[in-house]
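Peer 1: Residue numbers (the working numbering), protein chains in the order written: chain A, 1 to 275; chain B, 1 to 395; chain C, 1 to 624.
Be aware that one or more of the hints could be misleading.
Interface residues of chain A toward chain C, partial, derived using beta-carbon atoms under 7 Å [stated by the list, open to error]:
| # | residue |
| --- | --- |
| 1 | W33 |
| 2 | T34 |
| 3 | P226 |
Covered stretches of chain C (in silico footprint by chain B; criterion: 3 or more residues with CB under 8 Å from a CB of chain B, positions within the stretch not fixed) [to be verified]:
| # | segment |
| --- | --- |
| 4 | 212 to 218 |
| 5 | 276 to 290 |
| 6 | 391 to 404 |
Derived from the structure by calculation, the hints contain no laboratory data. Where is the CB? At the ideal position from N, CA and C, for every residue including glycine.
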Amino acid sequence: MVQQAPPINHALEDIKEHHRTSTGQSHRKVLMWTFLGSECMFFGSLIATFLIYHNNVASGPNREHAFESLFLVSVMAFVLLASSFTMVLALAAARRGDQKMMRAWLLLTAFCGLFFIGSQGYEFYHFTHEGLTPHASLFGASFMILTGFHGAHVTLGILWLVSVAVLVRLHPKKDHRPIMASMLPKFLGFLAGVPKREPGAPIEARPRHRRFMTFAREQTLAPPPPVLAKDASIEQFEAHHLAEEKVLNVELVGLYWHFVDIVWVVIFTVVYLFR
Amino acid sequence: MPRTRLTLKGVDLRERPLPNRDSRSTMSFNKLSPRRLAILTLTAALLLLVTACLPDRPQSTFGPEGKIARDQLHLFQFIFWIAVIVFVAVEGVLVYFIFKYRRKAGDTTLPPQIHGNNRLEIAWTILPVFILAAIAIPTYRTIADHKDPPEGDALKVEVIGHQWWWEFRYPDLGVVTANEMHIPINKTVVVDLESQDVIHSFWIPKLAGKTDVVPGRINVMWLVADKEGNYYGQCAELCGLAHAQMRFRVISHTQENFDKWVKGQTTAPPQPAANSAAARGAQTFVTKGCLACHTISGPDAPGVQEGRAQGFEQGRAVFPAPNLAYFGDRGTMAAGLFDLTEDRLAKWLQDPDELKPGNRMAELAQAYADPGSKLSDADIEALVAYLMSRQAVKN
Amino acid sequence: MATIAGGMKGRSILRRPTGTEGIWGWITTVDAKRIGVLYGVTALIFFIAGGLEALIMRVQLASPEQNITSPETFNQLFTMHGTTMVFLVIMPLNAAFFNFVMPLQIGARDVAFPRLNALSYWLFLFGGLFLHVSFIAAGPPDAGWFSYANLTERPFSPENGIDYWILSLQLLGVASVLSSLNFIVTIINLRAKGMSFMRLPVFVWMTFVVAFLLVLAMPVITIGLVLLMFDRFTGTSFFIPSGGGDPVLWQHLFWVFGHPEVYVLILPPMGMVSEILPVFSRKPLFGYKFVVLAGIFIGVTGFTVWSHHMFSVGLGPIANTYFATATFLVGVPTGVKIFNWIATLYKGKLTFETPMLFALAFVALFTIGGISGVMHASPPTDLQQTDTYFIVAHFHYVLFGGAIFGMMGGLYYWFPKVTGRMLNETLGKLHFWFMFIGANLAFFPMHFSGMAGMPRRIYTYDSDLGVGWLNMISTVGALIMGASFLFLVYNILHSLKKGKAAGNDPWDGHTLEWSVSSPPPIHNYDEIPTVRSNRPYWDQKHPELAEHGVPPPPPAPRKNKHIALPSPSYWPIVLAAGMTIAAFGALYHETILPVLPIGLSIAVIATYAWVLEPPIAKQAEGHH
């Protein structure tokens, strides 16, 4: 008996072709990496400007005086670095399909960012009182533009984190991509402090024990990416693809957030530590 | 699937008349490319023609009269002839191929499909390296040679760029003048370049290439003039409205004449006779507010110009202006724009903006900004007489 | 016929647009081919503006001591001419070709991010218009395309023209970074099966290199512009010497961007020429690998030579020696490219249709520009040449004789693919010869007027200089060159209606775009082809000569083939408009009207709306 080749599922092939990329990597991920390359030049130019002008203190305080106490910036740096860790946990949660913890970690990350921005605001206020303003000296101006632009990046990151936390639903019921109209009230409700409970979150993903170690083990657990069966149906393929896209939403903001953190490490070293 | 292939006839260049029938070319590939060759010949002829007559031009880099400019020209000529060889070789092969490998009418076959040749690639990667190395070595040598002025006695001049005129200070001689830089021949002149407003560029084509005049930093260059002469210079960096008219002259003297000039510049100019037109002019000069920007009695005191420059940046109606102490001795006026004559000067005082649009005097001076202080014809006449009388005591 | 989702008729403002017809079809389009056409048409209109500016300058300079324009107008003219030609003509014309040709050449249906692509276009258009609003609102900028600080600072340029220039460049910068990111992802991710990097057409390679150059160089000028903006708007003194600032820092920031930018302008036309020469020689490109590598090398080196624009600044002999050496090195890959182009002709069967004429002229003229470039790569000779007409001659040979000639070749070459109609050959040849003769008459004498001591950017010169007759020749040449474009405009308008039908493959092309109809269908390919060499389509036509075996012809499209295409969207143009309004707000930040917040709010709303709308609209999806 001659075995008949299974009939080609053309509709599935068309969809696969639509999603095919030459490298196997998603477009958005490649975009993000390239964009971060561009951002390197952006911060590189700012840091270079700072290095050129850091000794130009004119009437304002000099570096030693301005950065006498590194306590606050150290705390800021620590919190921001810690937020990179919570970001990793958020991604792990997303990979597990744990909507609730993903949201929790994302919001905690955003909160760390908020703390950072708040501290930076305080720092700027403090410096202004010390006489270190953009007009006092080029040291002040280049310092504030450099850290200010970094702060703007953090702020954008916070907005993005919150948006992802609110908008990304790992387990949609019906509508894959919520439309603006239905999301806006939810978003406003969220801002007002009444996050809606996610009905579709899987029970088994919730931590069973309150014990810390178990919790930690669970949270850091990143399961291997789900494999799509060879004979998957169109529905399965689409569901798989959609799930990947949603995790990618978290991954992208994560890439951006890690980058912003690394930039802070560089700024912290170059601006505050090097004398 | 049928393909439409356009078989448009190539332009038959051979049948066209030569654009220039007089071109007397002796090159052997004449028969191959009449048109291109004509253009080449024309270019070569033009080139010879132009290079032959250019050195006389007052700003021509082909007529150097000092070491720096001469070295720069020699280096240029060296590179130029290498460039001509490369140019003729590359364009020659290009033109040759264009005519040699034209498709014959009716030929529809394909040529051999040559994809490349690694040996050739390596060869023509290495060849330019050698050519460029040949250019690089004399380049480095000239850079090193021009780096520091030669040992020995040198004249120090501070050049300050202003919108849109030049100030020359001789710190060791106590002389300050404008728009005409006097130097002795065969003596190294070390020039410190500073600007009190925007970036300018100091350029005397026959003596030396450009060095930028950057506010906030002092650039140093040096030059030597071989013989007596009157050299044209011009600002070469866009510096605002009257950039095109920010010119100057360098006048080189024998050491003896230069010393005389210095002596004149350091002796107070004579006061005008009482009741003369010049004396009235001296008064007008004061009453019309010219003193706000111009100095009239000997070299500027230190810091005066800087104060005016700062005042301008803070929005006051002042601007650093040329020292007029020995104005009547100058050959030119308005930053090398015109030969100094009484008529021109009168016209200038009438309406400076017409002779040199955008200049700061027309913008800021009370006499032009305020209709109530407008200069009358009598004022102008008196001022001309006064300014022309501002001459060093001849000795 | 295959089902094409995404191209339904019908539209409404509130609902997701789906129509592709009429003016709304163009406004909401996300089709790279249409966006390419938009780029091209816009750039050609700006080209007319920039060209007229040049002609006015040439008339003013025709004889010494003329007063046709005031110095103020003249400064504004060359500033606008330079800025327009660089940012609003050559770059967008390149983008036009990238958009139309590149996805076709790699066997893609569109770029990776179609809506982002539309945003780039609208930002470019609005940025260009923003710059030109300064003609009415403030008087255009007048500090040159390089706008050296501190001439651009408030005390010396109190007018708003400079602010228009700064903000316009910021908008244009965002536009080109976004489009470059898009092209990079497209080339990395959307190549047809079998199209490895070493099988990419050279034009695609050059697109790739240029996109990287822009992505890495643009942030640097962005920072420069931000610092300048702070100086002008808030009173800091980054470039003000009296406040401790260093105007030379601006020059560094500008040229770290500016030199790669020069390669951004010239590499794509090099790519086009590398496509055209082989087709009209009926041979493959000679040394494909080396042409590509040379292009990459030129791109990388672009970041290491910026201070050769600053030899006269006084950076010292060591810096000058280094930058001279690096600049000499650029000569090597440039030479390799020229040699390979010429070798491509070797033993070919050349025909001289208009694209070929332009491509050959590119090689001839670019060589002149390259050689004069070596002359001022040497600092001592550069000190005599910099800021003179010699430099003007040099970069016009590179950017006009090079870039514009190359792109005109590209225009004649791909016009049939874009419109389905041939451009008229007679008119094309007239255009070519007028342009060729005009360009040489205009630019060649400038070498001499420069060496004879005529500086750049001067509105008048003394008759003593003896360069009047050289300038007269230049002016006559410029006018001839200007006239040549009348042939082009007439040719385009005429051929759009009455041109000969092109068919799929009028030139016996090598690359994939010639395998589809002219104009191509909205989805480019019914079936994505498979690739075995860098002449995939040519191999199909000449299987006996194919280098790596002939790929099977693409299967006939199935009846029920479903091709999902991105739907049109309003949000790109809304987002671009929001950013432009915000730029106006920044410019007039001292007024009470909250223009800046309004613009930013529009931008934020548009961003969220964009993110939340699916790339493929529901109503279009539901069709099959």
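Peer 1: With reference to the structure, classify each hint as holding or not holding.
Peer 2: Against the structure, the hints:
1. W33: violated, 9 Å
2. T34: Status holds, d = 5 Å.
3. P226: violated, 22 Å
4. 212 to 218: Not satisfied, violated; 0 residues make the cut.
5. 276 to 290: holds (count 9)
6. 391 to 404: With 0 residues close enough to chain B, the hint is violated.
Hints 1, 3, 4, 6, counting from the list given before, are not met by this structure.
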